[in-house]
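Q: From just these sequences and the hints, can you work out the full model?
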Amino acid sequence: MREKSILLVEDNPDDEALTIRALKKNNIGNTVIVAHDGQQAMDYLFANGEFETRDVTDLPQVILLDLKLPKVDGLQVLRAIREDERTRRVPVVILTSSNEDRDMIESYDLGANSYVRKPVDFEQFLEAARQLGLYWLVLNEVPYG
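The sequence shown begins at 1 in the numbering used here and counts up one residue at a time.
Hints should not be assumed to be uniformly reliable.
Cut-off 25 angstroms, straight-line C-alpha distance, at most; resulting in silico cross-link-like pairs (PhoX-like, lysine-lysine) [as the list claims (entries may be wrong)]:
#1 Lys68 to Lys118
#2 Lys25 to Lys118
#3 Lys4 to Lys24
#4 Lys71 to Lys118
What follows is a list of derived Cβ distance ranges for each label pair [said to hold, decoys possible]:
#5 Glu100 to Pro143: 26 to 34 angstroms
#6 Leu139 to Gly49: 17 to 25 angstroms
#7 Asp55 to Asp14: 27 to 35 angstroms
Derived from the structure by calculation, the hints contain no laboratory data.
Beta carbons: idealized from backbone N, C-alpha and C, even for Gly.
A: See the structure below:
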């Protein structure tokens, strides 16, 4: 059985560090793969570019996807994930600071499994990470892997 990894797609180094710290503080020891822009996330998922030798069938258990990304934005990444037969069932949690209702609506329209606004307070963020980890990595079952 493969390890349940997390793909974190986040361009802000502070938010990346905060997310990883919150996961570790909640004893979520899964491998976290970080993509710093939308293109790198798609290259990872579809084994292109720097990841061309990666086993494309080794999918993350969950993708934590920011929306405001350089190169390719999060909604375009989500669209590509849902359009590809290999990745369409991977759970995608939008983890963003966006307060735009249209971002939430479009995320769900494109097939996001969950939409979480990043809490500003660290304690709230810790609790959000705990709940995300418990649900998506322990309780949720996926039809692959």
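Q: Now tell me if each hint is right for this structure.
A: Hints versus structure:
Of the supplied pair hints, the one linking Lys68 and Lys118 holds, its CA atoms being roughly 13 angstroms apart against a limit of 25 angstroms. Simply put, Lys25 and Lys118 have alpha-carbon atoms about 17 angstroms apart, close enough for the 25 angstroms limit, and the pair holds. Between Lys4 and Lys24 the CA atoms are separated by roughly 15 angstroms; this keeps the pair inside 25 angstroms, and the hint holds. Distance restraint check for Lys71 and Lys118: the Cα-Cα separation of roughly 22 angstroms lies within the 25 angstroms cut-off, and the hinted pair is therefore satisfied.
Between Glu100 and Pro143 the beta carbons are some 32 angstroms apart, a value that agrees with the proposed interval 26 to 34 angstroms. Separated by about 34 angstroms at the C-beta atoms, Leu139 and Gly49 break the suggested range of 17 to 25 angstroms. For Asp55 and Asp14, the Cβ-Cβ distance of about 31 angstroms falls inside the hinted range of 27 to 35 angstroms, so the restraint holds.
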